[in-house]
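Asks: Residue-level listing of the chains:
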Amino acid sequence: MPSKTLPDRVIEGYLFDDVKVLNTQIPRERKTLEKLLGEDNPHVVCMDGTPHHFRKRELEVLSQITTDDERHTLLLPILMEVTSDRADIIIRTRSGTEAKIFSAVLDMPVTCKDNKITIFRPQLSVVRKKLKTTTQYVFFT
Amino acid sequence: MAAKVEVTRPTKMELARLKRRHKLATRIQKIVKDRLSILIMEFLQTVKECAAVKERLLSEFQEAFKALSIASGYHGTVPLEKELLTAEMAIRVTSGMRNVAGVRMPLFEIEQAEPVRSVVKDPAETSSVLDHSTELSRKCLETIIELAELENSLELLGREINKVKRVNNALEYIVIPGLDVTIKYLTMKFEERDREEVSRLKYVKLLIEKKEAYAF
Numbered sequence: 000m001p002s003k004t005l006p007d008r009v010i011e012g013y014l015f016d017d018v019k020v021l022n023t024q025i026p027r028e029r030k031t032l033e034k035l036l037g038e039d040n041p042h043v044v045c046m047d048g049t050p051h052h053f054r055k056r057e058l059e060v061l062s063q064i065t066t067d068d069e070r071h072t073l074l075l076p077i078l079m080e081v082t083s084d085r086a087d088i089i090i091r092t093r094s095g096t097e098a099k100i101f102s103a104v105l106d107m108p109v110t111c112k113d114n115k116i117t118i119f120r121p122q123l124s125v126v127r128k129k130l131k132t133t134t135q136y137v138f139f140t
Numbered sequence: 000m001a002a003k004v005e006v007t008r009p010t011k012m013e014l015a016r017l018k019r020r021h022k023l024a025t026r027i028q029k030i031v032k033d034r035l036s037i038l039i040m041e042f043l044q045t046v047k048e049c050a051a052v053k054e055r056l057l058s059e060f061q062e063a064f065k066a067l068s069i070a071s072g073y074h075g076t077v078p079l080e081k082e083l084l085t086a087e088m089a090i091r092v093t094s095g096m097r098n099v100a101g102v103r104m105p106l107f108e109i110e111q112a113e114p115v116r117s118v119v120k121d122p123a124e125t126s127s128v129l130d131h132s133t134e135l136s137r138k139c140l141e142t143i144i145e146l147a148e149l150e151n152s153l154e155l156l157g158r159e160i161n162k163v164k165r166v167n168n169a170l171e172y173i174v175i176p177g178l179d180v181t182i183k184y185l186t187m188k189f190e191e192r193d194r195e196e197v198s199r200l201k202y203v204k205l206l207i208e209k210k211e212a213y214a215f
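Chains as they are written, first to last, in numbering that gives the first Met the number 0: chain A, 0 to 140; chain B, 0 to 215.
Hints were generated in silico from the structure; no laboratory data involved. There may be inaccurate statements among the hints.
Said to hold, decoys possible - Rough simulated footprint, nothing fancy, chain A against chain B, three-plus residues with beta-carbon under 8 Å:
(1) 18–28
(2) 35–47
(3) 94–105
Stated by the list, open to error - Dumping the calculated DSSO-like pairs for lysine-lysine here, alpha-carbon to alpha-carbon at most 30 Å:
(4) A:K55 / A:K30
(5) B:K47 / A:K99
(6) A:K128 / B:K162
(7) A:K128 / B:K164
(8) A:K55 / B:K210
(9) B:K138 / A:K112
(10) A:K129 / B:K18
(11) A:K131 / B:K162
(12) B:K81 / A:K19
(13) B:K138 / A:K55
(14) B:K22 / A:K129
(15) B:K53 / A:K128
(16) B:K162 / A:K19
(17) B:K18 / A:K131
(18) B:K138 / A:K128
(19) B:K18 / A:K128
(20) A:K115 / B:K18
(21) B:K29 / A:K128
(22) A:K30 / B:K18
(23) B:K138 / A:K19
Just so it is clear, CB atoms sit at the ideal spot from N, CA and C, and this is done for glycine as well.
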């Protein structure tokens with residue numbers, strides 16, 4: 000019997016006023032890595048109603064980095080918050096699994112503090128090269 | 000270009016409305032600028048990938064044609080053509096869409112293709128040279144599909160960057176300066192009105208005092 004999943008507070012934090020209107024690319028509901036690996040056509044539906052498909056190869060790479068438990072908690076796509084006043088990118092996490100993934104992708108230690116991971120803009124291109132479909136931008140002020 | 004003052008009603012409510020609009024426009028302009036920088040980053044990355052894949056495709060084509068020439072020399076043109084006509088290969092391409100900062104781009108994923116099967120039963124008419132040639136051709140096909148995705152993405156990103164750049168420039172150089180100038184104009188007008196009111200009241204007070212003095 001599947002366990003009840005916790006609500007996705009990260010997405011809820013982006014669904015208000017003009018942030019919601021200007022970020023139609025964020026998904027209505029994120030899915031766990033475990034669920035996406037089992038799908039024949041892994042995808043999520045965005046706020047504008049369009050589908051966003053995941054590359055199976057990327058999902059396999061993520062499954063190799065994570066443990067069984069982490070696959071049940073890791074929600075995809077990973078949302079990267081881009082703020083104009085800051086030079087860094089924030090990734091809000093609830094389990095810290097994203098820090099492990101980013102450490103593996105960037106090949107350097109990445110820490111999680113107060114459920115937030117910080118990476119810098121030059122590192123963004125490295126992350127996006129390897130995780131094109133499993134990461135998504137959120138524009139915030 | 001100097002910003003134009005656009006005032007419909009010089010009232011305090013209008014000033015409050017314009018200040019709210021200015022705040023919203025500034026906020027949106029920051030987000031649009033961020034989006035533009037992200038799109039440009041993605042565009043440049045796609046350009047690099049595209050160039051690398053094109054180079055790889057060219058070298059793969061060269062290898063494939065070389066192998067085909069060798070196979071043609073080994074088997075002869077007619078048996079080779081017969082073998083190529085009868086060979087089968089199942090290749091499964093899954094297509095989808097991915098969303099990058101609001102730009103919808105195609106996604107092609109090639110499933111593991113089965114090896115080429117030849118319906119020709121005579122083993123004398125096939126060889127490892129031919130198998131090698133077909134394997135290289137299969138790789139070329141996979142690279143072509145990958146390149147198709149990248150080139151399409153490049154075009155879509157380019158179009159979106161043009162659109163977003165125009166919106167950003169309109170906000171930064173026309174809308175926000177226009178609002179700034181109008182807010183400044185209205186603020187100065189209200190200050191002037193207040194000063195006139197103060198001097199008018201002083202004059203009225205003076206008149207009342209004079210009247211009272213005459214009455215005594």
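Asks: Would you mind marking each hint as holding or not holding in the structure?
Replies: Structure-based check of each hint:
{"no.": "1", "hint": "18–28", "verdict": "holds (count 3)"}
{"no.": "2", "hint": "35–47", "verdict": "holds (count 4)"}
{"no.": "3", "hint": "94–105", "verdict": "holds (count 8)"}
{"no.": "4", "hint": "A:K55 / A:K30", "verdict": "holds (14 Å)"}
{"no.": "5", "hint": "B:K47 / A:K99", "verdict": "holds (28 Å)"}
{"no.": "6", "hint": "A:K128 / B:K162", "verdict": "holds (24 Å)"}
{"no.": "7", "hint": "A:K128 / B:K164", "verdict": "holds (24 Å)"}
{"no.": "8", "hint": "A:K55 / B:K210", "verdict": "violated (94 Å)"}
{"no.": "9", "hint": "B:K138 / A:K112", "verdict": "violated (45 Å)"}
{"no.": "10", "hint": "A:K129 / B:K18", "verdict": "violated (44 Å)"}
{"no.": "11", "hint": "A:K131 / B:K162", "verdict": "holds (23 Å)"}
{"no.": "12", "hint": "B:K81 / A:K19", "verdict": "violated (60 Å)"}
{"no.": "13", "hint": "B:K138 / A:K55", "verdict": "holds (19 Å)"}
{"no.": "14", "hint": "B:K22 / A:K129", "verdict": "violated (38 Å)"}
{"no.": "15", "hint": "B:K53 / A:K128", "verdict": "holds (17 Å)"}
{"no.": "16", "hint": "B:K162 / A:K19", "verdict": "holds (20 Å)"}
{"no.": "17", "hint": "B:K18 / A:K131", "verdict": "violated (40 Å)"}
{"no.": "18", "hint": "B:K138 / A:K128", "verdict": "holds (22 Å)"}
{"no.": "19", "hint": "B:K18 / A:K128", "verdict": "violated (42 Å)"}
{"no.": "20", "hint": "A:K115 / B:K18", "verdict": "violated (34 Å)"}
{"no.": "21", "hint": "B:K29 / A:K128", "verdict": "holds (25 Å)"}
{"no.": "22", "hint": "A:K30 / B:K18", "verdict": "violated (41 Å)"}
{"no.": "23", "hint": "B:K138 / A:K19", "verdict": "violated (43 Å)"}
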